[in-house]
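Peer 1: Okay, here's what each chain looks like letter by letter:
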Amino acid sequence: MQASSMAGVAAATPKKNLLRLLLLPLVILAGMGLSVEAGLLGPLGVQVGHLWATLSIFGVGSAILFLLLLFSGPQKGPALTDLPRWQLIGGFLGPMYVVVLTLATPHIGIAMTMIAILSGQVGKSVLIDHFGWFGTQRKRVNGERWVALALIVAALVLIARG
Amino acid sequence: MNLILLLVLVIAAGAVLSVQAAINGRLGQAVGVLRSSLLTFAVGAISTALLIFFFEPAQAVSLLDVPKWQLTGALFGVVYMMVMVGAVPVVGTAVATVAVIVGQLGMGMLIDNFGWLGNPAIELSGSRLLAMLLLALALVFMYRSNSRLAD
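Going line by line, the protein sequences match chains Y and X.
Numbered per the working numbering, the first sequence spans residues 44 to 205.
Numbered per the working numbering, the second sequence spans residues 5 to 155.
One should not assume that every hint holds.
[Unchecked claim] Distance windows between CB atoms, simulated:
(1) Y/Leu64 x X/Leu55: 19 to 27 Å
(2) X/Met86 x Y/His173: 32 to 40 Å
(3) Y/Lys58 x X/Trp73: 48 to 56 Å
(4) Y/Lys58 x X/Gly29: 46 to 54 Å
(5) Y/Leu65 x X/Thr97: 40 to 48 Å
(6) Y/Pro121 x X/Thr97: 19 to 27 Å
[As the list claims (entries may be wrong)] Footprint (simulated), chain X over chain Y, 3 or more residues, beta carbon under 8 Å:
(7) 83-90
(8) 101-115
To be clear, the hints were calculated from the coordinates, so they are not data collected in a lab.
Nothing here was measured: the structure is a model prediction, and the numbers come from that model.
Glycine included, each C-beta is placed from N, C-alpha and C at the ideal position.
Isolated chain X, as found in the complex:
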């Protein structure tokens, strides 16, 4: 697929994710984090199942054929949710957000560089490093602007 188109798609997914976070934040406050997460995951599972039923072409390999460790992705998501629920009230949203991003990008670079988990290896090039650096700077500016608003 066209790289630019793919990037636009991923950026749009990020925007959608923050809309979801805004909606779920309200929901979580009202009914508790467990119930709001279960609702999110169950609605997600059901709508995906509907899409598969009507649109997914037949695949040669099914979920039951792949090695079991490839199916553990959801565990990381649930653990992440639990950690955030416990940690955010103690360390604060801003610090927690930056810590998550540091973990995400650090691990992302490691997986890319070494091609772990069956991913194609993408070497850490100069332009990739520079992109990370710009992002880190951007986060500093976001953080400063937010803390000024809070004053």
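One chain only, chain Y, in its complex shape:
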């Protein structure tokens, strides 16, 4: 019994590893797609206005997702209207991000915009954990995270000066 389950694990692992290796380039490509999206947004925003460029993203995205949802059959889980209200506000935050993308990329470039976005994400998580903002439990942030934050700040200083 023990031996056979061990053999099962051994047989499954190479298969899973292969799947991982196949999926990894796909994930990298998906990340490249995000930069292409940002690259399309900047010039578009300059031509038609930042808010219109943002609407093109959310409008087209909504249309595609609506069609996908319509043809993928009934969905599991509770109705959206049964959920607590605050869980529904994520949609207001997305446009802020996209508008800032269209504003920033023509001036600081796409790679640097991505670095700055990333430092906002990392910095926020470190600071929120450390000070316990927004009602989260206060956790001590270890040295490695502070080093990471310091490196990111240094990277940002380099961008701002260069």
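Got chain Y sorted already, so can you dock chain X onto it with the hints?
Peer 2: For chain X alone, kept in the frame of chain Y given last:
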């Protein structure tokens, strides 16, 4: 616009993005990824439309006048979402995150350097390369600190 101010704005956008990810993560678990994404995109479209209606000055060029390929940005976002939904359970969040960042920065540098998609060309300078290197190091430290917390 002032460069420093712009950088602060972008950093704030990153912070907002991670708040959104936290909220949407909960929502996605409850109602499924398709419904939570549609809600996010639809609320985004409606609030942007309201802002345009009341605040956007008239533009000389409309979305219908630009070349169609400039309107394909949303497709990349939706494909990204699908890939992540499929891949994260197999490769793990940490690996997926690093792979996405590698793709983002690599492609970002290529677009900047060659000025693809109608962007101004920004040559890959020494300080830009150094900034990338520092970021890569920072990710290593984040990864190590996270894996230690998981132990």
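Peer 1: Going back to the hint list, which numbers does this structure go against?
Peer 2: 1, 3, 4 and 5
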